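Trainee: All chains should be built: construct the whole structure from the sequences, respecting the hints.
Okay, here's what each chain looks like letter by letter:
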Amino acid sequence: MWTHLKALIVKELLAVLKDKKSRLVLIMPPLLQLIVFGYAATFDLNNVPYAVLNEDSGAASRELLAHFEGSTTFDCVAHLDGDAQIEPLIDNQKALLVLRIPSDFSRSLAQGRTAPLQINVDGRNSNSAMTALNYVQSIVSTFNATWIEKHGGSAAPARLVVRPWYNPNLVSRWFIVPGIVGLLALLVTLLITALSVAREREAGTFDQLLVTPLRPVEILLGKAIPGVLIGLAEATVIILIIVFWFHVPLLGSLLALGLGLILFLLSSIGIGLMISSLAVTQQQGLLGAFLFFVPAIILSGFSTPIANMPEYLQLLTYANPLRYFLVILRSVFLEGANVSLLWPQFWPMALIGCFCLFMAGALFRHRMA
Amino acid sequence: MRRFKSSNPVRLAARMRLRGMLRKEALQILRDPSSIAIAIVLPIVLLLLFGYGISLDAKHVPVAIVIESPSEEAEDFAASFNQSNYFSPQRFATIQEAEQAMIKHQLDGIVWLRNDFEENLLAGIDSPVGVIINGVDANTAHIIEGYVNGARTSWLQKRAAVHAESLNVPVQLEQRVWFNAGMRSRNFLIPGLIAVIMTLIGALLTAMVVAREWERGTMEALMVTPVTAKEILIGKLLPYFVLGLAGLTLSVGMAVWLFGVPLRGSLVILFLTSSLFLIAALGMGLTISTVARNQFVAGQVAIVVTFLPAFMLSGFIFDIHSMPMTIQWVTRFIAARYYVSILQTLFLAGNVWKVLIINSLALMLFCVFFLGVARKRMVKRLD
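In the order they appear, the protein sequences are chains A and B.
Once you know that position 186 of the first sequence is 186 in our numbering, the rest is easy, because the numbers rise by one and skip nothing.
Count along the second sequence from 1, add 369, and you get the number used in our numbering.
Hint data in this document are derived by calculation from the structure and do not stem from the laboratory.
Please note that the accuracy of each hint is not assured.
Stated by the list, open to error - Capping the alpha-carbon separation at 30 Å, the derived lysine-lysine pairs in DSBU-like fashion look like this:
# : chain 1 : residue 1 : chain 2 : residue 2
1 : A       : K150      : B       : K527
2 : A       : K6        : A       : K20
3 : B       : K599      : B       : K745
4 : A       : K20       : B       : K745
5 : A       : K18       : A       : K6
6 : B       : K473      : B       : K428
7 : A       : K94       : B       : K723
8 : B       : K393      : B       : K473
9 : B       : K745      : B       : K393
Unchecked claim - Simulated restraints, written as ranges between beta carbons of each label pair:
#  : chain 1 : residue 1 : chain 2 : residue 2 : range
10 : B       : S438      : A       : S57       : 43 to 53 Å
11 : B       : I726      : A       : N47       : 20 to 30 Å
12 : A       : M359      : B       : Q544      : 51 to 61 Å
The model shown is predicted, which means the values in this text are computed figures rather than measured ones.
Where a beta carbon is used, it is the ideal one built from N, C-alpha and C, also for glycine.
Mentor: Here is the structure:
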C-alpha cells in the first residue's frame with residue numbers, strides 16, 4: 001500500500017507543481033497577498049483629512065486646534081470661511097471631518113461655561129466615522145484636562161485608566177495579519193483539492209486511475225496528502241514573514257500552532273475533496289470551492305467579530321474550521337497560549353476533518369460503483 | 370449604388386453571424402446550471418451572509434464589573450452599565466477571578482472599582498477606575514473603550530443632577546454624522562458588497578467559461594468560422610452582461626427592501642455606472658482567460674487579481690485613506706475601488722456629480738483598456 005501511495009503522492013505533487021503557470025499561481029499570489037493585505041487591512045485611521053471653520057478669534061480655539069495639528073492621525077486640508085463651504089467638502093470626500101468652532105467659544109471658556117465644538121463627519125463609512133470621532137473625543141479630553149489644570153476647577157471624578165491586554169497600542173494589524181495564515185492556507189488547499197478530481201475527469205485520466213490496482217482509500221489519501229504538504233509549506237513561509245517582516249509578536253507555543261495548522265489543513269482538505277467528488281467539471285469544482293470559501297471567511301471572525309452576528313449565524317460558525325483556527329492563531333501569536341488552553345479549539349476541528357474525509361471517501365466509492 | 374449592393378449582404382451576413390454567436394452563448398448559459406448559479410444564487414447567498422454576518426457594531430459586550438467593597442456609589446456606577454444595551458455585565462468580587470475569566474475568553478473587558486472608590490470619591494481625591502480590555506481585536510477594543518466612556522459620562526451627569534451641581538466640562542463635542550446618522554455599518558457594507566458580487570459575476574464567470582473553450586479547443590473551432598474577433602467578443606460579452614444586470618437588479622432590490630439601505634441617488638445613474646463597471650469586469654475576465662488558457666489557472670488568477678482586491682483594496686471594508694501610500698497607489702489600479710466609491714455615494718449621499726463623474730471616467734478607462742487587450746489577444750490567435 002505504501003509504495004502505491006508514494007507513487008500517487010509524487011504524481012499529484014508533480015501534476016500541481018510541474019506546470020509552470022499553476023506553480024506560479026500557487027506560490028506568488030499568496031505571498032503577494034500577504035504583503036499587500038498585511039498593509040492594507042487595518043481599521044486604524046491615519047492621515048484623516050479634516051477641515052476647520054473657526055469663527056472664534058480667541059486664544060482658546062487656537063490652543064484646541066494646535067492639539068489637532070500636533071496629532072499624526074489628523075491632516076488638515078482646508079481652513080473655511082463660511083458654512084456654505086462645509087457641504088461640498090464632505091460631499092466630495094475631500095474631508096472626513098469638518099470642525100466648526102462657534103464665535104463665542106473662547107468667551108464661554110473664559111467665563112467657565114461649557115463651550116461646544118461642532119463636528120461634521122462623513123458617515124458613508126460608519127466605522128471610519130466612529131473611529132475618527134473616538135480620536136477627536138480623546139483629543140478633546142486631553143485638552144479639557146490641561147485646561148482644568150491651568151485654569152483651576154475640579155476635574156470630573158472616576159477617571160478611567162484604560163489598559164489593553166495583549167496589544168498595548170491597539171494596532172489592528174496585529175489582529176488581521178495572523179488571520180491571513182488561515183485565509184491563505186484555506187484558499188490554497190481548497191483550490192488544489194477541489195479541482196484535482198474534476199481536472200482528471202475532464203482530461204480522462206481519472207478512468208485510467210480507476211483501472212490501476214489502487215483502492216479508493218488510496219486514491220483519496222493520494223489526493224489529500226499533497227494538499228497537506230503544500231499547505232504546511234506555504235503556511236510556514238507565511239508565519240515566518242509575519243514574524244520577521246510585520247513584527248507581530250509570536251508569544252505562545254509553536255506546538256499548539258503546528259497542531260492547529262495540521263488539524264485545520266485536514267479539515268479544509270476534507271471539505272475540498274468532498275467538493276471534488278461531487279463536481280463533474282472544473283468550473284463546478286471552482287464554484288463549489290468558492291461557495292464554501294467566501295462564507296467561511298465571513299463566518300470566521302476574520303474581519304468582523306462573530307459576537308456581532310445574529311444568533312442563528314453564530315450557530316452556523318461552529319461548523320466552520322476557520323473559526324477555530326483563527327482563535328488558535330490569535331491566541332498563540334498575541335496571548336501566548338499553549339496546547340491545554342486551546343483544547344476547546346482542537347477537538348471540533350478534528351471532528352470536522354474526520355467527518356469530511358469520511359464523507360469524501362464515501363462519495364468517491366459511490367461515484368466509482 | 371455599387372456600394373449599396375455590396376455592403377448590404379455583408380452587413381446581413383454579419384448580423385446573422387452575430388445572432389448565431391449570441392444564440393450559442395445564451396444556450397450554453399442556459400444549459401450549464403453553474404453559470405446561472407453564479408449570477409443569481411451567488412448574489413442572494415452573499416448578500417444574506419454579508420448583510421447579516423458582517424457587522425462592526427458591537428452589542429452586549431461581556432464585561433466584568435469588579436467591586437472590591439460594595440458601596441452606594443459603586444452600585445450607582447455599576448448601574449450605568451446595566452442600563453446600557455451595549456453591555457452584558459457580570460459581577461465579580463476580586464480582580465483575580467475576573468482576570469481568569471478574561472484569559473478563558475469569557476470576557477472582553479473588566480471595569481475595576483477598588484476598595485477605596487467611595488471613600489476617595491466623597492473625599493474629593495482622585496479616584497481612578499481601572500479598565501482592562503482584551504486588545505487582540507483592536508477595533509472592537511476601541512469601540513468598547515468608547516462605550517465605557519459613555520457609561521461613565523451618563524453616570525457623571527446623573528450624579529451631577531442629584532447633587533445639583535454642574536459638571537466641569539470645558540469643551541463638549543456636538544457631533545453630526547452625515548448620510549448615516551445611526552452609524553449602521555450595514556449601510557456602507559452592503560453597497561460595497563454589490564461591487565464584490567459584480568466582480569465575481571463579471572470576471573470569475575467569464576474567465577472560467579472562456580478558458581474552458583480554449584481548453585476544449587472549441588475556441589479554435591470558432592476561429593476558423595467566418596465569425597470575426599469582434600463578433601466573438603460581443604457574443605461573449607452580451608449574454609454575460611445581461612446575466613450581470615440581472616444579478617445587479619436582484620442585489621439592489623435586496624439592499625433596499627430587505628436590508629433597508631437608503632438609495633438616495635438616481636436609479637438610472639446606478640445602472641449606467643454599474644454597466645460601465647460590469648463591462649470592465651467582463652473585459653478583465655476575457656483578458657485573464659486569453660492569458661491563462663486553462664480553467665485552473667484562470668480561476669485562480671481571477672480570484673487573486675479581481676475578487677480579493679475587490680474585497681480588501683476597494684474601500685469596501687478597509688478605508689483606503691488609512692493604507693500606506695504605496696498601497697493607496699496600488700488601489701488606483703483596482704476597478705472596484707472606483708465602483709465602491711460610486712455605490713457608497715449613490716446609496717448614502719445621493720447624486721454628488723463630482724464624485725460620480727471622476728469615478729465613471731476612471732471606469733471608462735478600465736473598459737477601454739481591458740476590451741482593447743482582450744480584442745488584441747483574440748486577433749493574435751487568429752493568425
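Trainee: Does each hint hold? Answer for all of them.
Mentor: Here's how the hints hold up against the structure:
no. : hint                        : result
1   : K150/A - K527/B             : 27 Å, holds
2   : K6/A - K20/A                : 23 Å, holds
3   : K599/B - K745/B             : 10 Å, holds
4   : K20/A - K745/B              : 24 Å, holds
5   : K18/A - K6/A                : 17 Å, holds
6   : K473/B - K428/B             : 20 Å, holds
7   : K94/A - K723/B              : 11 Å, holds
8   : K393/B - K473/B             : 60 Å, violated
9   : K745/B - K393/B             : 23 Å, holds
10  : S438/B - S57/A: 43 to 53 Å  : 51 Å, holds
11  : I726/B - N47/A: 20 to 30 Å  : 25 Å, holds
12  : M359/A - Q544/B: 51 to 61 Å : 53 Å, holds
In this structure, only the earlier hint numbered 8 is contradicted, and the remaining ones agree with it.
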